[in-house]
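J.: Those protein sequence lines, which keep their order, are chains F and X.
For the first sequence, the working numbering gives the first residue as 1, with consecutive numbering after it.
For the second sequence, the working numbering gives the first residue as 1001, with consecutive numbering after it.
No wet-lab data here; the hints were simulated from the structure.
Ideal placement from N, C-alpha and C gives every residue a C-beta, glycine not left out.
Heads up, some of the hints might be wrong.
[To be verified] Below, simulated DSS-like cross-link-like pairs (lysine-lysine); rule was C-alpha separation at most 25 Å, straight line:
| id | chain 1 | residue 1 | chain 2 | residue 2 |
| --- | --- | --- | --- | --- |
| 1 | X | Lys1042 | F | Lys9 |
| 2 | F | Lys9 | X | Lys1109 |
| 3 | F | Lys44 | X | Lys1113 |
| 4 | F | Lys44 | X | Lys1078 |
| 5 | F | Lys57 | X | Lys1106 |
| 6 | X | Lys1069 | F | Lys9 |
| 7 | X | Lys1069 | X | Lys1057 |
| 8 | F | Lys44 | X | Lys1042 |
[What the hints assert, rightly or not] Pulled from the structure, derived: some chain F residues nowhere near chain X, Cβ distances all over 10 Å:
| id | residue |
| --- | --- |
| 9 | Pro8 |
| 10 | Lys14 |
| 11 | Ile15 |
| 12 | Ser18 |
| 13 | Leu45 |
| 14 | Ala52 |
| 15 | Gly53 |
| 16 | Gly58 |
| 17 | Arg68 |
| 18 | Glu79 |
| 19 | Ser84 |
| 20 | Gly100 |
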Amino acid sequence: NTGVTQTPKFRILKIGQSMTLQCTQDMNHNYMYWYRQDPGMGLKLIYYSVGAGITDKGEVPNGYNVSRSTTEDFPLRLELAAPSQTSVYFCASSYSSGLGGTEAFFGQGTRLTVV
Amino acid sequence: ILNVEQSPQSLHVQEGDSTNFTCSFPSSNFYALHWYRWETAKSPEALFVMTLNGDEKKKGRISATLNTKEGYSYLYIKGSQPEDSATYLCAFSRYGGSQGNLIFGKGTKLSVKP
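Here chain F stands alone, though its shape is the one from the complex (with noise of 0.2 Å):
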């Protein structure tokens, strides 16, 4: 297993442009996170997803959205970014965790800077 993958792991977009977070994870973990670090604060939650076809809202979702089209992959798609967005981004999984009960597997993280 190579774990939770994300691509790129820095980007520079323009305000407006669009842009998809890629991420992957062959531990076949039904649940999937994103997450967003600003600077001097904790990760934040911005969706999820419990399963294939199945997503919610996290904490921060506004200017976000994400698809779950396999068990594999939960991209991140951004449509018109602003700089409020700059960040650096992490993807997570864990196996069945309703609750937070099991640990998460973290990617490497996306540096975005929004210009």
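Based on these hints, arrange chain X on the given structure of chain F.
T.: What follows is chain X alone, placed relative to chain F:
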């Protein structure tokens, strides 16, 4: 507002020193407490997941305790080594929360000088 507080924010120790950090969280509706180790330019890696009051877990020189009644967890590192330098994150989840929503603290950044 649910907050996880970690202290200290940063810590500088000498190689061989033992150290500990604190994670405070709301005790009501508690379900699980996680500790992660996050090295620069790498992804956070789980150290421990604890769910029971009084839980104590150990991995090598690192150990953690949990008090769910008063809402705190301690992480201990015995005989710190330079490779222990990292940010240590704690996160908790609760009954009634969004599924899988771990609420993270801001972390404690540990620097161990040789």
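J.: Decide, hint by hint, whether the structure agrees.
T.: So, going through the hints one by one against the coordinates:
Distance restraint check for Lys1042 of chain X and Lys9 of chain F: the Cα-Cα separation of roughly 11 Å lies within the 25 Å cut-off, and the hinted pair is therefore satisfied. Distance hint between Lys9 of chain F and Lys1109 of chain X is fulfilled; the C-alpha atoms sit about 23 Å from each other, no more than 25 Å. Of the supplied pair hints, the one linking Lys44 of chain F and Lys1113 of chain X is violated, its CA atoms being roughly 31 Å apart against a limit of 25 Å. For the given pair, Lys44 of chain F sits about 31 Å from Lys1078 of chain X by alpha-carbon distance, which is inconsistent with the 25 Å threshold.
About 22 Å separates the Cα atoms of Lys57 of chain F and Lys1106 of chain X, which keeps this hinted pair within 25 Å; it holds. For the hint pairing Lys1069 of chain X with Lys9 of chain F, the CA-to-CA distance comes to about 41 Å; that exceeds 25 Å, so the pair is violated. Between Lys1069 of chain X and Lys1057 of chain X the alpha-carbon distance is near 18 Å, which keeps this suggested pair within the 25 Å criterion. Restraint check for Lys44 of chain F and Lys1042 of chain X: the C-alpha separation of about 18 Å stays at or below 25 Å, so the hint holds.
Annotated as non-interface, Pro8 of chain F keeps its C-beta farther than 10 Å from every C-beta of chain X; the closest such distance is 15 Å. Separation of Lys14 of chain F from chain X is adequate, the least Cβ-Cβ distance of about 26 Å exceeding the 10 Å criterion. With a least CB separation of 28 Å from chain X, Ile15 of chain F remains clear of the 10 Å interface cut-off, as annotated. Every Cβ of chain X is farther than 10 Å from the Cβ of Ser18 of chain F; the closest lies at roughly 25 Å, confirming the non-interface assignment.
Its beta-carbon lying about 5 Å from the closest one in chain X, Leu45 of chain F breaks the requirement of being farther than 10 Å from that chain. For Ala52 of chain F, the requirement that its beta carbon stay farther than 10 Å from each beta carbon of chain X is met, with the minimum near 15 Å. For Gly53 of chain F, the shortest C-beta to C-beta distance to chain X comes to about 15 Å, beyond the 10 Å cut-off, and the non-interface label holds. A cut-off of 10 Å between C-beta atoms contradicts the statement that Gly58 of chain F is not in contact with chain X; the least separation is 6 Å.
The Cβ of Arg68 of chain F sits about 13 Å from the closest Cβ of chain X, beyond the 10 Å cut-off, so the non-interface label holds. At roughly 23 Å from the closest C-beta of chain X, the C-beta of Glu79 of chain F stays outside 10 Å, upholding its exclusion from the interface. Distance to chain X confirms Ser84 of chain F as a non-interface residue, since its nearest Cβ pair spans about 19 Å, more than 10 Å. In this structure Gly100 of chain F is not separated from chain X by more than 10 Å, as the shortest Cβ-Cβ distance comes to only about 3 Å.
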